[in-house]
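Engineer: Using the sequences and the hints given, assemble the complete structure.
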Amino acid sequence: MGHKRLNPARSVSHPPFHLWGCGESDSPESEATRIPLSPTQVRSATPASVWTPAEQKPSLGAAQGSLNSQREPAQQRPLRLEAPSRSAPSKGSTSCQRGRSGRARLHGDRSERRARGPSLDLSSGTRGKAPRLKNAALLGPGVLQATRIFHTGQPSLAPLPPLPEHGGKVRLGLIPEEFFQFLYPKTGVTGPYVLGTGLILYFLSKEIYVITAETFSAISVIGLLVYVVKKYGASIGEFADKLNEQKIAQLEEVKQASIKQIQDAIDTEKSQQALVQKRHYLFDVQRNNIAMALELTYRERLHRVHREVKNRLDYHISVQNMMRRKEQDHMINWVEKHVVQSISAQQEKETIAKCIADLKLLAKKAQAQPVL
Amino acid sequence: MNENLFASFTTPMMMGVPIVVLIIIFPSILFPSPNRLINNRLATVQQWLIQLVSKYMLSIHNYKGQTWALMLMSLILFIGSTNLLGLLPHSFTPTTQLSMNLGMAIPLWAGTVVMGFRHKTKASLAHFLPQGTPLPLIPMLVIIETISLFIQPVALAVRLTANITAGHLLIHLIGGATLVLMNINPVTALITFIILILLTILELAVALIQAYVFTLLVSLYLHDNT
Numbered sequence: 001m002g003h004k005r006l007n008p009a010r011s012v013s014h015p016p017f018h019l020w021g022c023g024e025s026d027s028p029e030s031e032a033t034r035i036p037l038s039p040t041q042v043r044s045a046t047p048a049s050v051w052t053p054a055e056q057k058p059s060l061g062a063a064q065g066s067l068n069s070q071r072e073p074a075q076q077r078p079l080r081l082e083a084p085s086r087s088a089p090s091k092g093s094t095s096c097q098r099g100r101s102g103r104a105r106l107h108g109d110r111s112e113r114r115a116r117g118p119s120l121d122l123s124s125g126t127r128g129k130a131p132r133l134k135n136a137a138l139l140g141p142g143v144l145q146a147t148r149i150f151h152t153g154q155p156s157l158a159p160l161p162p163l164p165e166h167g168g169k170v171r172l173g174l175i176p177e178e179f180f181q182f183l184y185p186k187t188g189v190t191g192p193y194v195l196g197t198g199l200i201l202y203f204l205s206k207e208i209y210v211i212t213a214e215t216f217s218a219i220s221v222i223g224l225l226v227y228v229v230k231k232y233g234a235s236i237g238e239f240a241d242k243l244n245e246q247k248i249a250q251l252e253e254v255k256q257a258s259i260k261q262i263q264d265a266i267d268t269e270k271s272q273q274a275l276v277q278k279r280h281y282l283f284d285v286q287r288n289n290i291a292m293a294l295e296l297t298y299r300e301r302l303h304r305v306h307r308e309v310k311n312r313l314d315y316h317i318s319v320q321n322m323m324r325r326k327e328q329d330h331m332i333n334w335v336e337k338h339v340v341q342s343i344s345a346q347q348e349k350e351t352i353a354k355c356i357a358d359l360k361l362l363a364k365k366a367q368a369q370p371v372l
Numbered sequence: 001m002n003e004n005l006f007a008s009f010t011t012p013m014m015m016g017v018p019i020v021v022l023i024i025i026f027p028s029i030l031f032p033s034p035n036r037l038i039n040n041r042l043a044t045v046q047q048w049l050i051q052l053v054s055k056y057m058l059s060i061h062n063y064k065g066q067t068w069a070l071m072l073m074s075l076i077l078f079i080g081s082t083n084l085l086g087l088l089p090h091s092f093t094p095t096t097q098l099s100m101n102l103g104m105a106i107p108l109w110a111g112t113v114v115m116g117f118r119h120k121t122k123a124s125l126a127h128f129l130p131q132g133t134p135l136p137l138i139p140m141l142v143i144i145e146t147i148s149l150f151i152q153p154v155a156l157a158v159r160l161t162a163n164i165t166a167g168h169l170l171i172h173l174i175g176g177a178t179l180v181l182m183n184i185n186p187v188t189a190l191i192t193f194i195i196l197i198l199l200t201i202l203e204l205a206v207a208l209i210q211a212y213v214f215t216l217l218v219s220l221y222l223h224d225n226t
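Note that the protein sequences, when read in sequence, are chains A and B. Each residue of the first sequence is one higher than the one before, starting from 1 at the first, in the working numbering. Each residue of the second sequence is one higher than the one before, starting from 1 at the first, in the working numbering.
It is worth saying that the hints were derived from the structure and are not from the lab. Among the hints, erroneous ones may be present.
Claimed, not checked - Just a few of them, taken from the derived set where beta-carbon distance is under 8 Å, the chain B residues facing chain A:
no., residue
1, T44
2, V45
3, L88
4, P89
5, L102
6, L179
7, L199
Quick reminder that beta carbons are idealized off the backbone N, C-alpha and C, glycines included.
Structural biologist: Right, here's the structure in full:
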């Protein structure tokens, strides 16, 4: 197990891609082919540009690091790399497991190897072959530059830079301020004016500029121009500004109208939503109404039924009453009839005579009484 | 003096190289055409002016006439700017040359005539005879009308040339008179005043552009629409 221990002085280039088989990497053969690379060797072997792509592939955080980590002696790299891998075998696993763990980290290993750049690994995979730079050109800076996107559209479609607020400052309407600033350190404030005056006088005196008829026309034209500009310049500028303001105001108005319209729509929508929330009141009221109507109908029908039944029963009662009355009347009539029939003529005479005698008695009594 | 009088109308040369083409192209620099909505003051004022002029100038035409809008507007801008720039001292005005004015007038006039003859042949031919002429006068009148038709481009060109040249010459002369009188009699203040007034009148050269384009316009109108 000694060959599996961490040996900082020894193997440098960790060949990450031949860890398939178990123990393959641990053959003394492969170990012998591992050549420790000194930092100078490493640095001379690679162009400086190859170091840059390390930033593009930060797949393994622990192993990649930055550019600086790459410039460290190459011996330390496998230290960092193999420490996690050897931690597994330090627990007593075999080299096969290390191979498996290496395989699991193959992708990271490969990218780490690429990021390292000059992996001059004379490993078992390249036994006997000449040393070469692996994958150094793959991620050269050329790729970086080639994938940068340049003009993807017409320049006229790009947004224009904004106009400056004021133009450059000029003196005398013609000469930019920078000229005066340029001469200021050497000649002070009056420098440019003296230069101008001197030049004019020089031209006049040497007749480089000849006073002709055109001089007077020049004087009149320029004088007129200066007069007009001084008098009406500001107002024309304000007019131009007003034109622009009108343009902007129009568009702003459209924008505001659109915003307002949308805001109104939002408010309407919100109020509609609120109304929808309160819709249940409406349904409750409707439900109540319906319940009441049903109740009413029920009561009404109940009442009608009651009335009808009562009518029928009253009918029967009245029929019974009528029958009874009829029977009574009939009985009375029959009794009267038979009583009258039973009264003979003689009985009738006797009764009448008795009644007359009674009446006479009564009359006498009645006469006798008021005398008292 | 006599030689100097017409010296300003010769082809401008700079060390033996004719730069007249540059001078003709120069006024176009003064009319920027930016792609923005909001421009600087110069571009805004120019835009407003062009809109104003084109609105008034093209309102007369029908659809077919309004296809000439670009031509007419560039014409008026070119002639106006070259005339105004010619007022500056020691400058050369291209429109003082008859060659150039003829080069502008003849093609434009011919265009309108040909267009009129193509689209409204009968009406164009009918222009040659005014209404209500007595019968014996007809042949003579047709000849006269033909002559007047063919004189139109020449008139346009010569009108412009003569006006501008005369204006420049006058300025030159009166300036020369002022120069001479300065030594003799400083009552030249009066003459300078006259120069000033003359200049303001000459700035009506701009009105001449309008006259030019207007005439062209009227002819276009007559040929196309009537």
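Engineer: Sort out which numbered hints this structure fails and list those numbers smallest first.
Structural biologist: 5
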